[in-house]
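Working from the sequences, and respecting the hints, build out all of it.
There are 2 protein chains.
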Amino acid sequence: YPMEAFLADIGDVPWSREPTDLKRKSRDYYWYSPILAEQLKDKIADVIVTPRDEADVLRVVAACYRHRIPLTPRAGATGNYGQCVPMEGGVVLDMAEMNKIEWQKPGRVRVQAGAKLFDIDAQTRPNGWELRMHPSTKRMSQIGGFVAGGSGGVGSVTYGGMREPGNILAARVVSMEENPRVYELRGDAAQKISRAYGTTGIITALEMPLAPAYDWIDVVVAFDDFHEAIRFGQAIAMADGVIKKILAPIEWPLPENFAALKPYCPEGKSVLLAMIGEMSIDTFETLLESYGGTLTYKTPSEDVLNKVPLYEHTWNHCTLQMFKVDRAITYLQVLYPHERIIESVAEIGAKFKGEVMQHLEFIRINGLMTASGIPVIRYSTPERLYEIMDAFEAADIKIANPHVITLEDGSRYKRVDADQLGFKHEVDPLGLLNPGKMRSFTPKHEDVLR
Amino acid sequence: YPMEAFLADIGDVPWSREPTDLKRKSRDYYWYSPILAEQLKDKIADVIVTPRDEADVLRVVAACYRHRIPLTPRAGATGNYGQCVPMEGGVVLDMAEMNKIEWQKPGRVRVQAGAKLFDIDAQTRPNGWELRMHPSTKRMSQIGGFVAGGSGGVGSVTYGGMREPGNILAARVVSMEENPRVYELRGDAAQKISRAYGTTGIITALEMPLAPAYDWIDVVVAFDDFHEAIRFGQAIAMADGVIKKILAPIEWPLPENFAALKPYCPEGKSVLLAMIGEMSIDTFETLLESYGGTLTYKTPSEDVLNKVPLYEHTWNHCTLQMFKVDRAITYLQVLYPHERIIESVAEIGAKFKGEVMQHLEFIRINGLMTASGIPVIRYSTPERLYEIMDAFEAADIKIANPHVITLEDGSRYKRVDADQLGFKHEVDPLGLLNPGKMRSFTPKHEDVLR
Ligand SMILES: Cc1cc2nc3c(=O)[nH]c(=O)nc-3n(C[C@H](O)[C@H](O)[C@H](O)COP(=O)(O)OP(=O)(O)OC[C@H]3O[C@@H](n4cnc5c(N)ncnc54)[C@H](O)[C@@H]3O)c2cc1C
Ligand SMILES: Cc1cc2nc3c(=O)[nH]c(=O)nc-3n(C[C@H](O)[C@H](O)[C@H](O)COP(=O)(O)OP(=O)(O)OC[C@H]3O[C@@H](n4cnc5c(N)ncnc54)[C@H](O)[C@@H]3O)c2cc1C
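For the protein sequence lines, the chains are A and B, in the order given. According to the working numbering, the first sequence is numbered sequentially starting from 94. According to the working numbering, the second sequence is numbered sequentially starting from 94.
Note that these hints are calculated values from the structure, not bench results. Please note: incorrect hints may appear among the correct ones.
The list treats identical chains as one, so a pair stands whether inside a single copy or across any two.
[Stated by the list, open to error] Subject to a maximum C-alpha distance of 25 Å in a straight line, what follows is the list of computed DMTMM-like cross-link-like pairs (lysine to aspartate or glutamate):
#1 193 <-> 371
#2 198 <-> 375
#3 391 <-> 281
#4 198 <-> 147
#5 444 <-> 540
#6 491 <-> 512
#7 391 <-> 277
#8 136 <-> 181
#9 198 <-> 378
#10 198 <-> 214
#11 491 <-> 432
#12 116 <-> 510
#13 355 <-> 405
Keep in mind the model is a prediction, meaning the values are calculated, not measured.
Listed below in structure tokens is the structure:
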């Protein structure tokens, strides 16, 4: 790529070509997958550019377009499928400096895309509000990265995933064109950038709905039997009078890896991790009485940086805790059938004893309570991994394959959203944004000739 | 009853034996049912007693017990089945003076039982909170009357009914004994007084969970077809990212009776009435685009006494609006099967065209979104009414019969909760509390002898 000409064009926008920067900022958590680890290890950016504001973004984009240099946005870089790895090199656009809270109103916040989830909550909670949901990577991830690369997380047990209508209020988006345009996508239109890996425009700002900032209580309940933990979790999930933010049944031996929660995770027991609204904790304990669990931990949540939060044992952090003690593992992302969660969990459990360790996250999808899961798998070969995936599907458990880099292959539906594909042609006619991630896209002949 | 002795015993506790007071305070909204209207018209109290505090209640109760005089608590008297009609005369205990807010904390409020729902909300909203749910009689009902006589209402689309675990945090209850005891029932135990019509003790105070006081928007959407209104209502009901408090599809010609909403209810159209969180209104409108409805009204909710609120067209207020123009009607209380709401609505619609007019309230029950309904019925004879009820049941629609006075007959399960019956023996061994309402209760021989 004509880097000298590009750098001249972007003027005083900060950039770096330091080899350590290039290396460090071309990676994310794709190493979770032994398959992707192999596939992506040599991909590297030519330059890291760090815009200070939207004007900088416009300038960088115009220069990229002019010189036909691909651009890959980068937020907290916690993606698990190489979402922000620059497959064809070029520019990595580091959004970290665009991190301002623009305004807050009751129930809404408007932020620059690079604001960290942790900082947003820290600034909205004093006003009685917080983000409806965040990934377990709240302390590292940015709101733009979550919207463009994530799916849901802590809070989805109440509000569903990021994709549910109403969970993104508006997105401000810059197109990749000769004369870049700025779109303000409101309501449903904002879904055009949701989980599109930045292939459908660069998000510069987001308006997000907020949830009431309840006083949360962190809870650990230990069970002899994993299925009992699921059953109780489901009872709480279905109790609409009980306010909750996490309900995660986790199968032994996974809790063995939880350094920070060690004293509350007895040897041999499966656990339910939960965040419960303070006013609902008595009800939670009363309902527990009809199940075989033992409450081992109950403490007000305190989301401060020098303490490992409860949520960093759930979602894909459960996998991470195990990685810390055992590297020979990998994982899947699954959705259990909502009418037979326990049956399907049992089917897999029986078939892959010791090889597959399950943990669930209760979440709402399309108005129904169900459970997603990120089973941890002792890794041997790609063939065996695909065999295990087949078994999940045979048990009616849906899979979003995390061992692939394209949107389509990673989706449960094996296709990209039609609206996103249409919008892609509008905002990135040449396919310069995060190339290689949207397989269904090929530039139109007339756009390439232009 | 030995009234003179009783009055001497209660000392300075305020009371009245004025015939107009006795008449007025022995009635509720039982006249909704032509069957109950006939059955209850002559029931009358011997004295109305108005306690100022719990000490007064204890004194009155002890005197009732001593002289074997029945006592029936009375709150806002909006019950529809004669819940606060003194079947055997005696004392009516008017709770209106015990109306203080004891304290507020984030997410919780503690109030005396006689506090009006309207006043509670007025005092919690400035702090960012409101009751999770209220009946459409919010302006008349008291919290004690709602807990003891109601089931759910505005807000149940999110939190489920009053019976869902966690929707009552604690109840303070006085027993009917020689030496009355005061119970503090916390958590699940508080369900012992839920919808028990005051037969299981006199509630003097309640601790209730609160919901965030969103800025609500009142909305009316008009549809050519009632089923479309239901379909759209259900889509919003299932959208967990859309904050809502009411979702009520109402079949034409019922909206014809809505004086205050007349301009927004076009001739011949069925409507959906909704209360939507301000931050979700764009999403609501976007989703509406794929349905055939027309938004005719969209205004911030303003719950002030000189304005008819939107919610006074939903739940049993829909019936009341029709009563104002046509007395020859009655109603049922039903629960549609959640997996085939529209089909069952259609079945009844086809069978009783012009005779049965349906309106639905989306609510959560046991974690599932479903629809309750209060169909309005052109009344001819009791036989025909029971015929219609049979048809509902044949269509898989459950009925809570509102034309009967006992807890058991009015329940979908035709029995009183086992815990309540057990508790009844403990707190009211002689059956002096609201006699005639709990059919399964007969005093134990040893209690009567004592
Ligand atoms: C331990 C661990 C736990 C996790 N838990 C969860 C979880 O609970 N829920 C969940 O959904 N995911 C989870 N993930 C995956 C990942 O954390 C989420 O996708 C996260 O939200 C990504 O945010 P980020 O800021 O790190 O984005 P990045 O990884 O930096 O970027 C994600 C994608 O967004 C694009 N992007 C970033 N910023 C912009 C922008 N401004 N405009 C356009 N495109 C942009 C990038 O190009 C990339 O394709 C987890 C990952 C790990 C490693
Ligand atoms: C137009 C209309 C609309 C309605 N809409 C709804 C609705 O949306 N949802 C719903 O659930 N119901 C509804 N109802 C029924 C009724 O309004 C509710 O049950 C209401 O909550 C009753 O409250 P109240 O204060 O009027 O109680 P009352 O009718 O005075 O009393 C109800 C019962 O509670 C007992 N009671 C009252 N106070 C105490 C106490 N302190 N201790 C012990 N027992 C006590 C009484 O003895 C009686 O049995 C409606 C009724 C009408 C007429």
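Against the structure, the hints:
1. Taking the shortest Cα distances, residue 193 and residue 371 sit within 25 Å of each other only across copies (24 Å), while inside one copy they are farther apart (31 Å).
2. In this assembly of identical chains, the alpha carbons of residue 198 and residue 375 lie at most 25 Å apart only when taken from different copies (16 Å versus 32 Å within one copy).
3. When the C-alpha separation of residue 391 and residue 281 is checked against a cutoff of 25 Å, the pair qualifies only between copies, where the shortest distance is 19 Å, while the shortest distance within a copy is 39 Å.
4. Taking identical chains as interchangeable, the C-alpha atoms of residue 198 and residue 147 lie at most 25 Å apart only when both belong to the same chain, with a minimum of 23 Å there against 42 Å between chains.
5. Taking CA atoms no more than 25 Å apart as the test, residue 444 paired with residue 540 passes in neither setting, with 52 Å inside one copy and 60 Å between copies.
6. Taking the closest pair of Cα atoms, residue 491 and residue 512 come within 25 Å of each other only inside a single copy of the chain (23 Å); across copies the shortest separation is 42 Å, beyond that limit.
7. In the homo-oligomer, the alpha carbons of residue 391 and residue 277 lie at most 25 Å apart only across protomers (24 Å), although the nearest pairing inside one protomer, at 44 Å, exceeds that limit.
8. Proximity of residue 136 to residue 181 under the C-alpha cut-off of 25 Å is restricted to the intra-copy arrangement: shortest distance 7 Å within a copy versus 86 Å between copies.
9. Taking CA atoms no more than 25 Å apart as the test, residue 198 paired with residue 378 passes between copies only; the shortest distance there is 21 Å, against 35 Å inside one copy.
10. For a Cα distance limit of 25 Å, the shortest separation of residue 198 from residue 214 qualifies both inside one copy, at 14 Å, and across copies, at 21 Å.
11. For the identical chains of this complex, residue 491 and residue 432 are neighbours both inside a copy (13 Å) and across copies (22 Å), given an alpha-carbon limit of 25 Å.
12. In this homomeric assembly, residue 116 and residue 510 never come within 25 Å of each other (Cα to Cα): the closest approach is 32 Å inside a single copy and 67 Å across copies.
13. Proximity of residue 355 and residue 405 under a CA criterion of 25 Å is satisfied intra-copy only: 13 Å inside one chain copy versus 54 Å between copies.
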